[in-house]
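2 protein chains.
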Amino acid sequence: MIQRLCVLGVGLIGGSLALALKRSGAVSEVIGYEKDPLYRAKALSLGIIDRAEVCLAEALRGAEVVVLAVPLGGMEGLFQQMAPHLKPEMVVTDVGSVKGSVVTAARAELGTRIVDFVPGHPIAGTEKSGPEAAFSDLFCLHKVILTPLPENRPGAVETVRRMWHQAGAEVVEISSAYHDQVLAGVSHLPHVLAFVLVDLLAKVGEPQDTLQFAAGGFRDFSRIASSDPTVWRDICLANREPLLALLDHFEAELHTVGEALRHGDGGKLAEIFARAKAARDTHYNA
Amino acid sequence: MIQRLCVLGVGLIGGSLALALKRSGAVSEVIGYEKDPLYRAKALSLGIIDRAEVCLAEALRGAEVVVLAVPLGGMEGLFQQMAPHLKPEMVVTDVGSVKGSVVTAARAELGTRIVDFVPGHPIAGTEKSGPEAAFSDLFCLHKVILTPLPENRPGAVETVRRMWHQAGAEVVEISSAYHDQVLAGVSHLPHVLAFVLVDLLAKVGEPQDTLQFAAGGFRDFSRIASSDPTVWRDICLANREPLLALLDHFEAELHTVGEALRHGDGGKLAEIFARAKAARDTHYNA
Numbered sequence: 001m002i003q004r005l006c007v008l009g010v011g012l013i014g015g016s017l018a019l020a021l022k023r024s025g026a027v028s029e030v031i032g033y034e035k036d037p038l039y040r041a042k043a044l045s046l047g048i049i050d051r052a053e054v055c056l057a058e059a060l061r062g063a064e065v066v067v068l069a070v071p072l073g074g075m076e077g078l079f080q081q082m083a084p085h086l087k088p089e090m091v092v093t094d095v096g097s098v099k100g101s102v103v104t105a106a107r108a109e110l111g112t113r114i115v116d117f118v119p120g121h122p123i124a125g126t127e128k129s130g131p132e133a134a135f136s137d138l139f140c141l142h143k144v145i146l147t148p149l150p151e152n153r154p155g156a157v158e159t160v161r162r163m164w165h166q167a168g169a170e171v172v173e174i175s176s177a178y179h180d181q182v183l184a185g186v187s188h189l190p191h192v193l194a195f196v197l198v199d200l201l202a203k204v205g206e207p208q209d210t211l212q213f214a215a216g217g218f219r220d221f222s223r224i225a226s227s228d229p230t231v232w233r234d235i236c237l238a239n240r241e242p243l244l245a246l247l248d249h250f251e252a253e254l255h256t257v258g259e260a261l262r263h264g265d266g267g268k269l270a271e272i273f274a275r276a277k278a279a280r281d282t283h284y285n286a
Numbered sequence: 287m288i289q290r291l292c293v294l295g296v297g298l299i300g301g302s303l304a305l306a307l308k309r310s311g312a313v314s315e316v317i318g319y320e321k322d323p324l325y326r327a328k329a330l331s332l333g334i335i336d337r338a339e340v341c342l343a344e345a346l347r348g349a350e351v352v353v354l355a356v357p358l359g360g361m362e363g364l365f366q367q368m369a370p371h372l373k374p375e376m377v378v379t380d381v382g383s384v385k386g387s388v389v390t391a392a393r394a395e396l397g398t399r400i401v402d403f404v405p406g407h408p409i410a411g412t413e414k415s416g417p418e419a420a421f422s423d424l425f426c427l428h429k430v431i432l433t434p435l436p437e438n439r440p441g442a443v444e445t446v447r448r449m450w451h452q453a454g455a456e457v458v459e460i461s462s463a464y465h466d467q468v469l470a471g472v473s474h475l476p477h478v479l480a481f482v483l484v485d486l487l488a489k490v491g492e493p494q495d496t497l498q499f500a501a502g503g504f505r506d507f508s509r510i511a512s513s514d515p516t517v518w519r520d521i522c523l524a525n526r527e528p529l530l531a532l533l534d535h536f537e538a539e540l541h542t543v544g545e546a547l548r549h550g551d552g553g554k555l556a557e558i559f560a561r562a563k564a565a566r567d568t569h570y571n572a
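In the order they appear, the protein sequences are chains A and B. Heads up: the first sequence runs through residues 1 to 286, numbered per the working numbering. Heads up: the second sequence runs through residues 287 to 572, numbered per the working numbering.
Source of the hints: derived by calculation from the structure; they are not laboratory data. In this text, all values refer to a predicted model and were calculated from it rather than measured experimentally. Be careful, since some hints might not be right.
As the list claims (entries may be wrong) - Mimicking DSSO-like on lysine-lysine, the simulated pairs with C-alpha atoms at most 27 angstroms apart in a straight line are:
| no. | chain 1 | residue 1 | chain 2 | residue 2 |
| --- | --- | --- | --- | --- |
| 1 | B | Lys-308 | A | Lys-143 |
| 2 | A | Lys-42 | A | Lys-22 |
| 3 | A | Lys-203 | A | Lys-22 |
| 4 | B | Lys-414 | B | Lys-429 |
| 5 | A | Lys-203 | B | Lys-429 |
| 6 | B | Lys-554 | B | Lys-414 |
| 7 | A | Lys-268 | B | Lys-429 |
| 8 | B | Lys-321 | A | Lys-128 |
| 9 | A | Lys-203 | B | Lys-489 |
| 10 | A | Lys-35 | A | Lys-22 |
| 11 | A | Lys-268 | B | Lys-414 |
| 12 | B | Lys-429 | A | Lys-35 |
| 13 | B | Lys-328 | B | Lys-308 |
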């Protein structure tokens, strides 16, 4: 049982975590630190948080666990501001979609309190944002990745692991570097592709003329292009190196497909398509 | 009421059309022409067709309406084989995902019977294939695009339009050229991108290691990569020119995003992402 949880940022993820822990009786009191007055009011009225704070020192006071649930661009500044107010054994974690950049910022700002900072990333979300999008089931049947640091106090890792279990998630531990490489492939690059495609279609023709002929495949493919642009700008910038490496690789593969198409090489196309189908079917229908 | 419908190819689309028309009482008898013995047996046992034929002349005999529902690569050969057996006022239509190539093949093979060939394309489907994937609701709330030819007998167009209405679809008419350009954007290019991404990820790491960290966004984005490789090879080849033009455009846009990322230009990224989100939200949430 967490006596007092402090959530920094009460949007979709922070809000859903608070709701999930409340529902399972794993937390007594949730304090929300949130700059947006509309988010604060909404989070209070929806019962996501018990108290809203605009002063960070006040929000952190007496918290057992602190969760940074702000866009990646806000992490470094928060670490800097919170550092003087962290008490021994006050466990800190985050929900950032990129881990390397968050770890670098935490190491730079938290000093010896790094022992109680456990990096995390719930693999869950929707294309919606804000406290009104939060729901307590968001993490059920989903993975939460923790990338514990060599400096971490084992008890801190255990506290964060237990918190996510109680929110309904499955917890796995991998390194920050591996996390960032894998997520570039299964999340960051797909978002970029979806954003670029939808933007291209909107440029080529009137979207209402073109999209009326789209079927379910396109609706699903493009769903992630409705994601928050600021959040995704931050993610791309924060995971720049792994994402660029994969993007280069993707561009080369796409060029290969274009050349096969240009030369009418149906065998090459079918080979690539069949390999992709096999890989996907193996995972999703196994 | 269609007294006798002949479906050439009893897979997902041909099978679903037969089921939809039977359910609405719009057809008395459905004859299936199908080369795959497993498909034939399945279509018969599921009540999709009333009679299976392996001889094309026999399948066409006495049919009021003939629907070509085979992969695009099989269309030209079928037009050639069926031409001698077409009777006056026997209405022929197809369900091909590309219209220009089908129209060219039909004009080359059907002679004066082109007056009764009405090109069509239902904007519906799933990533599954075969008669066991067919269901009578497939076309409900979906559009069917007809691209009537200047040569068409008005009664033929009306027969095909009525058939699709009775299958539950909304019928729209546009030109073949416009169809192929629009579908390259909302269907063909997205499929290529999904295939290429999944294939790339399977090459970079073990799919089971990588995909376990994928969330709902990736599952939805990549669903179309589970589509039939042969069908999609045919579609890409048949719509080569519009697809290549758009692919070139996409590659240039993706390169722009890569450069913005390389130079840390968050403003450029956010601008593209926000424009895409606005275009998609306008269509899907309007």
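Going through the hints against the structure:
1. Between Lys-308/B and Lys-143/A the alpha-carbon distance is near 45 angstroms, which puts this suggested pair outside the 27 angstroms criterion.
2. A hinted pair counts as satisfied when its Cα atoms are at most 27 angstroms apart, and Lys-42/A with Lys-22/A qualifies at roughly 17 angstroms.
3. As the CA atoms of Lys-203/A and Lys-22/A are separated by approximately 46 angstroms, the hinted pair breaks the 27 angstroms bound.
4. A hinted pair counts as satisfied when its Cα atoms are at most 27 angstroms apart, and Lys-414/B with Lys-429/B qualifies at roughly 19 angstroms.
5. Restraint check for Lys-203/A and Lys-429/B: the C-alpha separation of about 23 angstroms stays at or below 27 angstroms, so the hint holds.
6. Pair hint Lys-554/B plus Lys-414/B does not hold up; C-alpha atoms about 39 angstroms apart against a cutoff of 27 angstroms.
7. Proximity of Lys-268/A to Lys-429/B is assessed by CA-CA distance (about 32 angstroms); at most 27 angstroms being required, the pair is judged violated.
8. For a cut-off of 27 angstroms, the pair hint linking Lys-321/B to Lys-128/A is broken: about 47 angstroms separates their Cα positions.
9. Only pairs whose Cα atoms come within 27 angstroms are accepted, and Lys-203/A paired with Lys-489/B is rejected, the gap being roughly 33 angstroms.
10. Taking the CA atoms of Lys-35/A and Lys-22/A, the gap is near 23 angstroms; set against the 27 angstroms cutoff, the hint holds.
11. A threshold of 27 angstroms between alpha carbons decides the hint, and for Lys-268/A with Lys-414/B the separation of about 22 angstroms falls inside it, so the pair holds.
12. Restraint check for Lys-429/B and Lys-35/A: the C-alpha separation of about 46 angstroms exceeds 27 angstroms, so the hint is violated.
13. For the suggested pair Lys-328/B and Lys-308/B, the alpha carbons sit about 17 angstroms apart, so the restraint of at most 27 angstroms is met.
Of the hints listed earlier, those the structure fails to meet are numbers 1, 3, 6, 7, 8, 9, 12, in rising order.
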